[in-house]
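Residue numbers (numbering that gives the first Met the number 0), protein chains in the order written: chain A, 0 to 309; chain B, 0 to 355.
Among the clues, some could well be false.
Each pair of labels, with its calculated beta carbon distance range [unchecked claim]:
no., chain 1, residue 1, chain 2, residue 2, range
1, B, D309, A, S119, 47 to 55 Å
2, B, K170, A, W14, 36 to 44 Å
3, A, L160, B, G67, 53 to 61 Å
4, A, S298, B, S112, 24 to 32 Å
5, A, W26, B, D131, 36 to 44 Å
6, A, D164, B, H77, 48 to 56 Å
7, B, S41, A, S119, 22 to 30 Å
8, B, D131, A, L289, 30 to 38 Å
9, B, N11, A, G122, 36 to 44 Å
10, B, E184, A, S119, 42 to 50 Å
11, A, G122, B, E321, 48 to 56 Å
12, A, W133, B, K170, 52 to 60 Å
13, B, G139, A, L22, 35 to 43 Å
Sample of chain A residues facing chain B (criterion: CB under 8 Å; computed from the structure) [to be verified]:
no., residue
14, S213
15, V216
16, I221
17, P224
18, V225
Computed list of chain A residues with no C-beta within reach of chain B, every gap over 10 Å [what the hints assert, rightly or not]:
no., residue
19, L21
20, F126
21, G151
These aren't lab readings, by the way, just hints derived from the structure by calculation. Fair warning: this is a prediction, and the values are worked out from it, not measured in the lab. Glycine is no exception: its CB is placed at the ideal position from the N, C-alpha and C atoms.
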Amino acid sequence: MAGPGTSGGGGGGGWRPLLVPLLMPTWLTIGIFLVLPVALMAVYSFLTKEFRGGVIWDFTLAAYDQFFIDRGLFGDEPPTIEWTYIAIFWRSIWQAGLATLFCLLVGFPTAWFIATRPASQRGVWLFLITIPYWVNLLIRTVSLKYLIRDNGPLNEGLMALGVLDAPVTLVNTNLAVQLGLFYSYLPFMVLPIYAAVERYNFALSEAAADLYASRWVTLREIVIPVVKPGIVAGCILVFVPSLGAFLAPDLLGGAKTFMIGSLIEEQFKGSLGNWPFGAAASMILMTLVLCALMVYARSASQAAGQGAAR
Amino acid sequence: MAAVQDAVDIRNVTKRYGSFTALDGVSLGIADNEFFTLLGPSGCGKTTLLRMIAGFEEITQGEIRLFGDPIAGRDPNHRPVNTVFQHYALFPHMTVRDNVAFGLKMKGMDAASRRARAERMLEMVHLSAFADRMPAQLSGGQQQRVALARALAPEPRVLLLDEPLSALDLKLRQAMRVELKQLQEETGITFIFVTHDQEEALTMSDRIAVMSAGQVQQIGTAREIYEAPVNRFVADFIGETNLIEVEVTRVDGDRAEVVLPGGHRLTCPSASRTGGRHALSIRPERMSVVAEAGADMLAVVERVVYLGTDLQLMARLEGGAEFHVRLQNSARIAVPEPGARIGLRIEDGAARLLAD
Numbered sequence: 000m001a002g003p004g005t006s007g008g009g010g011g012g013g014w015r016p017l018l019v020p021l022l023m024p025t026w027l028t029i030g031i032f033l034v035l036p037v038a039l040m041a042v043y044s045f046l047t048k049e050f051r052g053g054v055i056w057d058f059t060l061a062a063y064d065q066f067f068i069d070r071g072l073f074g075d076e077p078p079t080i081e082w083t084y085i086a087i088f089w090r091s092i093w094q095a096g097l098a099t100l101f102c103l104l105v106g107f108p109t110a111w112f113i114a115t116r117p118a119s120q121r122g123v124w125l126f127l128i129t130i131p132y133w134v135n136l137l138i139r140t141v142s143l144k145y146l147i148r149d150n151g152p153l154n155e156g157l158m159a160l161g162v163l164d165a166p167v168t169l170v171n172t173n174l175a176v177q178l179g180l181f182y183s184y185l186p187f188m189v190l191p192i193y194a195a196v197e198r199y200n201f202a203l204s205e206a207a208a209d210l211y212a213s214r215w216v217t218l219r220e221i222v223i224p225v226v227k228p229g230i231v232a233g234c235i236l237v238f239v240p241s242l243g244a245f246l247a248p249d250l251l252g253g254a255k256t257f258m259i260g261s262l263i264e265e266q267f268k269g270s271l272g273n274w275p276f277g278a279a280a281s282m283i284l285m286t287l288v289l290c291a292l293m294v295y296a297r298s299a300s301q302a303a304g305q306g307a308a309r
Numbered sequence: 000m001a002a003v004q005d006a007v008d009i010r011n012v013t014k015r016y017g018s019f020t021a022l023d024g025v026s027l028g029i030a031d032n033e034f035f036t037l038l039g040p041s042g043c044g045k046t047t048l049l050r051m052i053a054g055f056e057e058i059t060q061g062e063i064r065l066f067g068d069p070i071a072g073r074d075p076n077h078r079p080v081n082t083v084f085q086h087y088a089l090f091p092h093m094t095v096r097d098n099v100a101f102g103l104k105m106k107g108m109d110a111a112s113r114r115a116r117a118e119r120m121l122e123m124v125h126l127s128a129f130a131d132r133m134p135a136q137l138s139g140g141q142q143q144r145v146a147l148a149r150a151l152a153p154e155p156r157v158l159l160l161d162e163p164l165s166a167l168d169l170k171l172r173q174a175m176r177v178e179l180k181q182l183q184e185e186t187g188i189t190f191i192f193v194t195h196d197q198e199e200a201l202t203m204s205d206r207i208a209v210m211s212a213g214q215v216q217q218i219g220t221a222r223e224i225y226e227a228p229v230n231r232f233v234a235d236f237i238g239e240t241n242l243i244e245v246e247v248t249r250v251d252g253d254r255a256e257v258v259l260p261g262g263h264r265l266t267c268p269s270a271s272r273t274g275g276r277h278a279l280s281i282r283p284e285r286m287s288v289v290a291e292a293g294a295d296m297l298a299v300v301e302r303v304v305y306l307g308t309d310l311q312l313m314a315r316l317e318g319g320a321e322f323h324v325r326l327q328n329s330a331r332i333a334v335p336e337p338g339a340r341i342g343l344r345i346e347d348g349a350a351r352l353l354a355d
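Please model the entire structure based on the sequences and the hints provided.
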């Protein structure tokens with residue numbers, strides 16, 4: 000929102016000498032935890048792999064070559080496109096997108112419900128949403144696996160109730176991975192949408208109804224556009240970690256549900272790893288995510304700009 | 000009143016929230032093309048009543064009819080009324096034009112016609128140049144006009160205004176009063192205006208309903224309500240008044256004879272039909288300072304406050320009651336000094352005996 004009067008920090012010069020020392024912690028944090036690791040990863044992706052893990056400092060494009068180009072088992076065939084990793088990427092994007100969609104479908108009504116409770120009750124509901132997060136993700140994922148396995152409580156319970164005749168196999172399927180991702184990241188959808196809905200001015204809904212809009216049209220034309228920043232934040236917060244997730248696919252999925260996160264994780268594990276390849280896959284993943292976000296940000300700001308200038 | 004059909008007919012309407020009664024058996028009829036004001040302090044139920052007409056609150060008991068049709072079962076989007084909200088409630092993600100055209104779009108008007116009508120509405124509120132701005136880029140007064148244009152665009156039969164001027168500064172508020180009244184006369188739409196500001200109510204309204212504690216205290220024109228208040232609440236709430244306790248010696252229809260402090264007897268219009276002790280309301284500007292010989296009451300001046308156009312005398316009557324007198328500031332009058340004994344003369348018909 001390009002409101003007027005948002006001039007930057009152009010105030011008096013009294014605090015100006017303090018600017019550098021005050022900003023130092025921020026710069027250091029960004030430098031050590033963001034710039035340095037990414038730079039390291041970028042450099043490693045161009046190095047040569049060492050067989051017991053680690054790298055040899057020889058510059059090469061081998062990691063990217065391995066990712067995109069198939070030269071046969073012994074590297075002597077004519078180069079064709081390597082589909083293996085692209086397929087893994089595609090599956091990851093699909094799974095993460097689906098998880099985001101499911102989280103949105105469940106998270107939006109949940110957030111709406113919580114935000115429309117009396118103020119004294121909201122804290123309790125939010126607390127309930129965050130309780131599972133007090134338990135380690137690994138343990139929760141293993142528990143989920145136990146819950147949905149062939150002779151686990153879910154199948155046994157459904158059979159005892161007569162809903163099922165034979166157990167439904169969930170473990171090692173895309174559905175199980177989907178369930179794991181949904182379960183892991185749902186709160187990241189609920190919380191930002193909650194924050195947006197809580198700030199939502201319900202007089203806007205009344206105004207829309209007063210101007211002959213049905214409930215459904217009010218939701219579509221007024222509510223969703225106004226709380227959209229919260230929805231977008233929730234989608235990013237679910238999509239990005241889902242894309243790189245490796246616990247859910249590792250534990251709940253099988254070979255056919257392999258995702259990027261697991262692929263990258265394997266490259267840094269034990270003596271079978273390939274650090275430059277893992278680094279290259281990470282760089283490709285990060286570039287992809289960044290590009291997607293930039294395209295979105297540009298289209299969003301253009302839409303806003305059009306609204307103001309039309 | 001029954002001969003011509005009312006625009007809004009409110010029959011014995013009650014609203015309860017749990018054990019709290021917000022509206023207690025309110026009945027009133029609002030005529031078509033009328034500028035009708037619901038006036039009262041906060042918590043008197045005026046906004047609740049407005050929201051019931053709009054459809055945002057359920058009716059606990061009673062009935063509201065719009066042009067003869069009961070509206071109880073109809074959702075807000077199926078009522079031929081539009082609202083100007085207290086804090087405008089403009090859609091922040093839409094341009095001014097899209098805000099104004101929203102109701103037209105919902106009614107199914109085609110894009111070209113609604114654009115033309117939105118332009119016309121914006122012209123009417125002098126905001127044509129701002130059609131492409133976002134609401135956040137407008138001042139409070141401009142947002143207020145957009146809200147007005149948005150609510151008037153679908154040509155409602157009744158326009159509801161919920162304290163629309165309360166967020167504006169004084170100058171703007173005064174200018175908007177005139178504009179609102181003009182707009183109402185031009186469009187011929189029934190306006191129901193909610194406010195706690197008596198000056199606003201007096202300057203714009205055809206008729207005013209003074210409300211307190213969930214009940215209508217009095218309905219009448221500005222003049223009737225100011226000059227012939229029925230009870231203590233109305234007399235005290237509208238304008239400034241002196242309320243003094245007097246003994247009623249004789250009641251004769253709508254007139255009564257009372258004993259003023261000091262012993263003089265006065266016959267005055269009365270809203271009370273019973274004898275005993277009642278409050279007498281005398282407006283401070285309907286008095287004059289006279290010689291003690293021909294006076295209705297005697298008082299001692301305690302303080303003189305200079306108000307520019309007026310002078311306010313704060314005096315104490317015989318018997319100890321505090322009494323205010325307002326004199327127009329003029330070189331022709333002699334201003335009494337504090338401590339002076341003065342005679343007070345009540346203009347004919349200016350004193351009024353109240354029911355409680």
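Verification of the hints:
1. A hinted range of 47 to 55 Å holds for the C-beta pair B/D309 and A/S119, which are about 51 Å apart.
2. A C-beta distance of roughly 38 Å is found between B/K170 and A/W14, which places it inside the suggested range of 36 to 44 Å.
3. Restraint check, A/L160 to B/G67: a C-beta distance of roughly 57 Å satisfies the suggested window 53 to 61 Å.
4. With their beta carbons about 30 Å apart, A/S298 and B/S112 fall inside the hinted range of 24 to 32 Å.
5. The supplied range of 36 to 44 Å is met by A/W26 and B/D131, whose beta-carbon atoms lie about 41 Å from each other.
6. For A/D164 and B/H77, the Cβ-Cβ distance of about 51 Å falls inside the hinted range of 48 to 56 Å, so the restraint holds.
7. The given range of 22 to 30 Å is respected by B/S41 and A/S119, whose C-beta atoms sit roughly 24 Å from each other.
8. Evaluation of the 30 to 38 Å hint for B/D131 and A/L289 yields a pass: the beta carbon distance comes to about 33 Å.
9. In this structure, B/N11 and A/G122 meet the distance hint of 36 to 44 Å, their C-beta atoms being roughly 42 Å apart.
10. With their beta carbons about 48 Å apart, B/E184 and A/S119 fall inside the hinted range of 42 to 50 Å.
11. The hinted range of 48 to 56 Å is satisfied by A/G122 and B/E321, whose Cβ atoms lie roughly 52 Å apart.
12. For the pair A/W133 and B/K170, the beta carbons lie near 58 Å from each other, so the given range of 52 to 60 Å is met.
13. About 37 Å separates the C-beta atoms of B/G139 and A/L22, a value consistent with the hinted range of 35 to 43 Å.
14. For A/S213, the interface hint holds, since its Cβ comes within 8 Å of a Cβ in chain B; the closest pair sits about 6 Å apart.
15. The beta carbon of A/V216 is positioned within 8 Å of a beta carbon in chain B (closest approach about 7 Å), and the interface hint is therefore held.
16. Restraint check, A/I221 versus chain B: the minimum CB separation of about 6 Å is within 8 Å; hint holds.
17. At about 5 Å, the closest approach between the beta carbon of A/P224 and any beta carbon in chain B falls short of 8 Å, and the interface hint on this residue holds.
18. Interface hint status for A/V225: upheld, as the beta-carbon distance to the closest one in chain B is roughly 6 Å, under 8 Å.
19. Chain B leaves A/L21 outside its interface by the beta-carbon criterion, the shortest separation being 31 Å against a cut-off of 10 Å.
20. Listed as a non-interface residue, A/F126 keeps its Cβ farther than 10 Å from every Cβ of chain B; the least gap is roughly 28 Å.
21. With 10 Å as the threshold on Cβ separation, the claim that A/G151 sits away from chain B holds: the shortest Cβ distance comes to roughly 47 Å.
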